[in-house]
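Visitor: Single-letter residue listing:
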Amino acid sequence: MFLGRVTGSVWSTVKWPAAKGLKLLLVRPYRLADLPPTVAGPPTGGDSLDDLVVCADVFDAGPGDDVLVAFGHAARVAVAGALAPGQKPDAPIDAAVVAVVDRVELDGERGARR
Amino acid sequence: MIRGTIIGSVWATRQAAGLAGRKLVLVAARDADGRASGRVVVAIDTLDAGAGDDVTVAFGSGARNVLAPGPDNRALLCDAAVAAIVEGAA
Numbered sequence: 001m002f003l004g005r006v007t008g009s010v011w012s013t014v015k016w017p018a019a020k021g022l023k024l025l026l027v028r029p030y031r032l033a034d035l036p037p038t039v040a041g042p043p044t045g046g047d048s049l050d051d052l053v054v055c056a057d058v059f060d061a062g063p064g065d066d067v068l069v070a071f072g073h074a075a076r077v078a079v080a081g082a083l084a085p086g087q088k089p090d091a092p093i094d095a096a097v098v099a100v101v102d103r104v105e106l107d108g109e110r111g112a113r114r
Numbered sequence: 001m002i003r004g005t006i007i008g009s010v011w012a013t014r015q016a017a018g019l020a021g022r023k024l025v026l027v028a029a030r031d032a033d034g035r036a037s038g039r040v041v042v043a044i045d046t047l048d049a050g051a052g053d054d055v056t057v058a059f060g061s062g063a064r065n066v067l068a069p070g071p072d073n074r075a076l077l078c079d080a081a082v083a084a085i086v087e088g089a090a
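Protein sequences appear in the order of chains S and P.
Going by the numbering used here, 103 is the number at position 103 of the first sequence; the sequence numbering is gapless.
Going by the numbering used here, 89 is the number at position 89 of the second sequence; the sequence numbering is gapless.
Please keep in mind that the hints were generated in silico from the structure rather than gathered at the bench.
Every residue gets a Cβ at the ideal spot worked out from N, C-alpha and C, and that includes glycine.
Watch out, some of these pointers could steer you wrong.
What the hints assert, rightly or not - Per the computed footprint, the stretches of chain S lying under chain P, defined by three or more beta-carbons under 8 angstroms from a beta-carbon of chain P, are:
| id | stretch |
| --- | --- |
| 1 | 9-15 |
| 2 | 22-35 |
| 3 | 69-80 |
| 4 | 92-104 |
As the list claims (entries may be wrong) - So these bits of chain P aren't anywhere near chain S, every CB distance computed over 10 angstroms:
| id | residue |
| --- | --- |
| 5 | VAL10 |
| 6 | GLY34 |
| 7 | VAL40 |
| 8 | ALA58 |
| 9 | GLY60 |
| 10 | ASP72 |
| 11 | ALA75 |
| 12 | ALA80 |
| 13 | GLY88 |
All chains, please: the whole structure from these sequences, using the hints.
Guide: Structure follows, in C-alpha cells:
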C-alpha cells in the first residue's frame, strides 16, 4: 500500500465489461520529503519520477483527499463489495483505494488532521 | 521485500472492511546504502513494531502469509505487511 493525494480522475467508454461502473482516480504517492501531509497542497513528488497511479475507488474519495491505495489481489478484494451480485472480482484492476485517511502521525507526534 | 524504518502510522474511518482493526504503519524505504530512498510505503503491522524500528516489509502473497500462513488466505485485504523487526544487517 501507499499513501497518496487524489489529484483527479479518468473516465472511459471502451473498457472491460467487468470494470463498468468503477470510478477511476488519479493518485500521486507521497514521498518522504512530502510528509507530513498538509491541507495546502498535494505532494510535489519531490525530485522523483514516480508516476501518478490510476486506481479504482468505491469509497467516494475526491480531489484533495489523502487515501491509501493497495495493489494486486488486495485491490480486487477491496472493490469486490461494489460489484453487482454474482459478479466475481476478476476485473482488470490492480490498484484500488482501500481507505480515506483521517490522520497521519509521524514519530508518535500528531500530524496533520484532515 | 524491502527494508525500511517505521516513521509513523495512518488512521482512517472510511476504509475497506478487510482493514478493520489493522494497525497501519508508514515505512520509509532504505536504498542500497541504507539511507532513506524517499519512497514511503504503508504496511499492516502485526509484530507491534514502533516508530524508529528497522523492519522488513513483504508484499503480495508473501504479505498475506504474515497475517495467515497457507493457501486459503486470498480473501485477506493485505498487500504489504511488516515481516520482521531487523536487529542487525551486514
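Visitor: So which hints don't hold here, by number, going up?
Guide: 1, 5, 7, 9, 11, 12
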